[in-house]
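Q: Chains as they are written, first to last, in the numbering used here: chain A, 1 to 336; chain B, 1 to 336.
If you are wondering where the hints come from, they were derived from the structure by calculation, not from laboratory data. These figures come from a predicted structure and were not determined experimentally. Each hint should be verified, as a subset may be incorrect.
Identical chains share a label here; the pair holds if one copy fits it or two copies do between them.
[What the hints assert, rightly or not] Restricting the straight-line Cα-Cα distance to at most 20 Å, the calculated cross-link-like pairs of lysine to aspartate or glutamate (EDC-like) are:
1. Lys188 / Asp70
2. Lys57 / Glu30
3. Lys151 / Glu191
4. Lys246 / Glu272
One letter stands for each residue in the lines below.
2 protein chains.
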Amino acid sequence: MRIALDAMGGDNAPRSTVGGAIDYLNTYGEDAADVILVGREDSIKPLLKNNSFPAEKLTVIHAPDLVTMDDKPAKVLRTKPNSSLVMAIQLLKSKEAEAVISAGNTGALLATSLFSLGMIKGIKRPAFAPHIPGPEGGFILCDVGANADAKPQNLVQFGIMASAYLEHLDGNDNPTVGLLNIGIEENKGNELTLAAYPLMKEHLPNFIGNIEARYILDGQVDVVVCDGFVGNTVLKFIEGVTSNMKQWLINTIKTQPNAAELSNLMQPIFSEMTKQLDYEEFGGTHLLGISAHVLKAHGDSTPRSISRTLYTAQKAYHENLIQDITRRIALHTIED
Amino acid sequence: MRIALDAMGGDNAPRSTVGGAIDYLNTYGEDAADVILVGREDSIKPLLKNNSFPAEKLTVIHAPDLVTMDDKPAKVLRTKPNSSLVMAIQLLKSKEAEAVISAGNTGALLATSLFSLGMIKGIKRPAFAPHIPGPEGGFILCDVGANADAKPQNLVQFGIMASAYLEHLDGNDNPTVGLLNIGIEENKGNELTLAAYPLMKEHLPNFIGNIEARYILDGQVDVVVCDGFVGNTVLKFIEGVTSNMKQWLINTIKTQPNAAELSNLMQPIFSEMTKQLDYEEFGGTHLLGISAHVLKAHGDSTPRSISRTLYTAQKAYHENLIQDITRRIALHTIED
Chain A
1 MRIALDAMGG
11 DNAPRSTVGG
21 AIDYLNTYGE
31 DAADVILVGR
41 EDSIKPLLKN
51 NSFPAEKLTV
61 IHAPDLVTMD
71 DKPAKVLRTK
81 PNSSLVMAIQ
91 LLKSKEAEAV
101 ISAGNTGALL
111 ATSLFSLGMI
121 KGIKRPAFAP
131 HIPGPEGGFI
141 LCDVGANADA
151 KPQNLVQFGI
161 MASAYLEHLD
171 GNDNPTVGLL
181 NIGIEENKGN
191 ELTLAAYPLM
201 KEHLPNFIGN
211 IEARYILDGQ
221 VDVVVCDGFV
231 GNTVLKFIEG
241 VTSNMKQWLI
251 NTIKTQPNAA
261 ELSNLMQPIF
271 SEMTKQLDYE
281 EFGGTHLLGI
291 SAHVLKAHGD
301 STPRSISRTL
311 YTAQKAYHEN
321 LIQDITRRIA
331 LHTIED
Chain B
1 MRIALDAMGG
11 DNAPRSTVGG
21 AIDYLNTYGE
31 DAADVILVGR
41 EDSIKPLLKN
51 NSFPAEKLTV
61 IHAPDLVTMD
71 DKPAKVLRTK
81 PNSSLVMAIQ
91 LLKSKEAEAV
101 ISAGNTGALL
111 ATSLFSLGMI
121 KGIKRPAFAP
131 HIPGPEGGFI
141 LCDVGANADA
151 KPQNLVQFGI
161 MASAYLEHLD
171 GNDNPTVGLL
181 NIGIEENKGN
191 ELTLAAYPLM
201 KEHLPNFIGN
211 IEARYILDGQ
221 VDVVVCDGFV
231 GNTVLKFIEG
241 VTSNMKQWLI
251 NTIKTQPNAA
261 ELSNLMQPIF
271 SEMTKQLDYE
281 EFGGTHLLGI
291 SAHVLKAHGD
301 STPRSISRTL
311 YTAQKAYHEN
321 LIQDITRRIA
331 LHTIED
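Chain A extracted, bound-state conformation (with noise of 0.2 Å):
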């Protein structure tokens, strides 16, 4: 199996992307799949320099442009041919590789993936479906704004999508599924979740019901579904509370007379506790759909979150979530 990895995206590219590669070949070794860079390689070529891995597992493909974030989605694929994202994409496209990983623009590759690469039959939207860590095990937010608007059909298939990809990449059996909303009955809701829970509830098996907000960090379900507007928005709080809450911590214990002792004492909590809300550390999220795999890893990788999307990727080809979405989706079609 082969990995095109966009190794000019994110904000700390191209040092994340290639640290992250090499990690990841030494960690996985024999089991590791190639490993294809994208970018320019003057600028990749110097940091593999000094750097001992399987070298017959990485390959450097030199791009010469770059997408930046202000680039357009839309036009990337038109204006920006040469770009390390379009090229990392049409690896697939050309069959030169199984997967692809980006952590820049995410609508630049939402965009040039749907173009290049299509949907999987049946399949109408695309989503995104990170994995949202909690004190609870943490759950799979689908969808986080692939699309802003969403019909009912659509969160169908979002859970069905997220359900294949949880039992697929954490080996849960039997996950279940939440449709989000602002009240349990099944007479609660906005126009979208009222029409679209009769029909969760007909193709999930697994379909608990409607979750509110204020449980979706207890671990009661695997998988909330929700439109593109809502998950983004909740995503984005997410990480307002958790990049906020040290210094809530911090700010709180200085109005303590005993500020410096809780200071030092209160250090390793405070990392432990970030670390469980951060969902980086979980590694990228799949854009769910796409007829290939199709990776975004978080903007501010570190070498390590871009090493465990690169796991993510391979585990999903071999574990070929691709055709079992596929399989699945056809047992399902609703009519527009």
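Place chain B on chain A using the hints.
A: Here is chain B on its own, set in the frame of chain A:
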């Protein structure tokens, strides 16, 4: 001024409501509004005994019936005319009171107020606008679920109403308004926010554009506008984080060798942090858009939060909030 208090509404009623009324009257003394406790006399009167308070400012009106959390909101007015909730609202209709407060069934309070009291001229949809506390002072989130679905012009009116509310209640002369969105650029969002943005820009002089959920706790904007589904989701997620945070800290501390010592030292920090994020500390939430002062206190209100809600109602009345909203809405007519 007279405030009708649904004495039977809320998890801790009537102890919380009666205790809250006594606290309010004792705190504000001569400046306090008159309080009308509406509910079962035989439940209320024993709680008043052995308490000292300005008795001339407190009346009890007997209401034999109760609205429960299981009652269908839209039917309460017809099926439970002698309930404390309905009778309290009717006191506004008959001009025997100028504000009503209930910690009971939110949907019933909303539906009965809408039907009995009606909306301010020009308002299309009412909205709940709680103050969400945060380490940087907090913000008003509007709407959090008076309606699950919203149109662009509703969001504009939410912004106008919540701004007026904050100016009068907090003395903030120039509150900034942000549109909760999944990107900061004008061309980001779902159908609703894309259509709302230019309208908000036109009608709200203090509109600062989109704000992502990540930054709402940072104190960057005073009013965060969103549809009721999204707002309710954010509110409930905050509740989840707040109620879990202490437990996460404790669990994390338990993994440390000096757990017992740390746990003791951190007790005051736990209390302080929970308080910082606890929006109940801030008393009740106005139901903006109704033609009279209707306030919802939290279901598990303590006497203290009932007391604060009574003060909020009094202040809003003396500041002519309803008249000011009426005036502002008339200046900003938006066609459907």
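Q: Against the structure, test the hints numbered earlier, and report the numbers of the ones violated in rising order.
A: none
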